[in-house]
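*Asks:* Let the sequences and hints guide you as you build the complete structure.
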Amino acid sequence: MSGGDSAVEITGRVRDASGAPVPGAHVLFTDGPRPLPDIAAVTDAEGRFSLGAPTAGRYTLTCRADPLTGPPGTAEATVRVGPTPSATAPGPVRIELTLG
Amino acid sequence: MPHDPHTAVTNEPDEAAVAPVVEQETVLQPPSQGTQGDTQHATGEGLEHVEGYRRPEHFAPEAWTAPTAVLPDIGEASYGPPPPAPETVHGPDDRVQITNTTVYPWRVHCYLLITARDNARYQGTGWLLGPHTLATAGHCVYIKGSGVAGRDGWVKSIQVMPGRNGGSLPYGSITCTSFRSVLGWTQDGDENFDYGAIIAPSDIGSTTGWFGFGVWSDSDLLKTTGNIAGYPGDKPPGTLWYAARGIDSVAARKVYYDIDTAGGQSGSSVYRIDNNNRYGFAIHAYGGARVNSGTRFTTPVFNNYVAWKA
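Protein chains in written order, with my numbering: chain A, 5 to 104; chain B, 8 to 317.
Keep in mind that the hints are not guaranteed to be accurate.
[What the hints assert, rightly or not] Taking lysine to aspartate or glutamate and the DMTMM-like style, the derived pairs with C-alpha atoms no more than 25 Å apart in a straight line are:
hint, chain 1, residue 1, chain 2, residue 2
1, B, K316, B, D210
2, B, K230, B, D125
3, B, K230, B, E19
4, B, K242, A, E80
5, B, K242, A, D70
6, B, K230, B, D281
7, B, K163, A, E80
8, B, K242, A, E100
9, B, K242, A, E50
10, B, K242, A, D35
11, B, K242, A, D48
12, B, K316, B, D197
13, B, K316, B, D11
14, B, K242, B, D100
15, B, K163, B, D101
16, B, K163, A, D70
17, B, K230, A, E100
18, B, K163, A, E50
19, B, K163, B, E19
[As the list claims (entries may be wrong)] These stretches of chain A come out as covered by chain B in the derived footprint (C-beta under 8 Å, 3 or more residues):
hint, stretch
20, 11-22
21, 31-38
22, 43-55
If you are wondering where the hints come from, they were derived from the structure by calculation, not from laboratory data.
Think of the CB as a built atom: it goes at the ideal place given N, C-alpha and C, for glycine as much as any other residue.
*Replies:* If you want it as structure tokens, here you go:
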């Protein structure tokens, strides 16, 4: 979900305190190295989400669960996306978010 | 041969579905309050009337004097070193929750549940600007540069939920599969052209009403109060939030403001209130360090939306 250049995928899973996957949670960037599309990812039935990081840098992600589809709660995490050689396809950055 | 980045494109196979863009003298497209439910009157200061809400850093709009010097493009500045952080809520969080979402103007705003080509799901915001047409960000209807195989391109479908309020869907959920954008976004991924439309299969706007839209000069926009309502992902899912502030700066194709937003509000209307009528003048798309930004209604953008609402 970025612009013209190819983004690095930040992918992960949202779980509740018991370790169960959380569907329907919203995951969004709240901090990053440049202006970002103001869109949120929504977790699937397995709690998985994917967001695109358009450039190298430090990103903070916030997660908010939907009490209508699962347990309430929020979580936050910071990841660093490193620069990658242009000839090398960067792999996804993986992250686990546990609701507090 | 270079293309016109405002050339309209669609995901529909029939090329005739894209009406040609005809240059025309700019005129306002009028709003409609719909046929159902109540209408809320705005304040006389360009704000929505929300209990307890007061525009931060209040000043009389007429006290503004438009700068005569050429303004720097704050968006370009934001991309240069040192890199800023996209804290889309700036300073105190001014957003207030709207719960009476069946009242006009709130019922015009729509929660979007987006399913990408690879079935990844995202959430954005759209707003009705005609009986069956919603405006939204280009990146809500066409994914560009995701870095994930099989994801880029027109999204598979969008569930449109007008006036959603948490678990309440007062106008249901409409499955939409017909989308519009422009080559400047779908081919170039240029944020200056990050706008699109959703064509609904029913005339839901006739019930809910819709916002007008228009093109204004730099000096006029700089003394305008910008209003934004949308569905931020950092709040309880599916809840509608509102905030308003002055416009920070304008560029040829963008408008910059420090109205608080968050991920999930891409596609929201950035609108003004004139004589109790609401008119979109930008489509919110990006969160930035000091300011957020949207795609400005210029004459080509205006003309495309006129064609798309037909």
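*Asks:* With reference to the structure, classify each hint as holding or not holding.
*Replies:* Structure-based check of each hint:
no., hint, result
1, B/K316 - B/D210, "11 Å, holds"
2, B/K230 - B/D125, "43 Å, violated"
3, B/K230 - B/E19, "40 Å, violated"
4, B/K242 - A/E80, "14 Å, holds"
5, B/K242 - A/D70, "10 Å, holds"
6, B/K230 - B/D281, "13 Å, holds"
7, B/K163 - A/E80, "29 Å, violated"
8, B/K242 - A/E100, "20 Å, holds"
9, B/K242 - A/E50, "22 Å, holds"
10, B/K242 - A/D35, "16 Å, holds"
11, B/K242 - A/D48, "19 Å, holds"
12, B/K316 - B/D197, "23 Å, holds"
13, B/K316 - B/D11, "21 Å, holds"
14, B/K242 - B/D100, "12 Å, holds"
15, B/K163 - B/D101, "35 Å, violated"
16, B/K163 - A/D70, "23 Å, holds"
17, B/K230 - A/E100, "45 Å, violated"
18, B/K163 - A/E50, "20 Å, holds"
19, B/K163 - B/E19, "12 Å, holds"
20, 11-22, "holds (count 3)"
21, 31-38, "holds (count 8)"
22, 43-55, "holds (count 8)"
Hint compliance for this structure: hints 2, 3, 7, 15, 17 are broken, all remaining hints hold.
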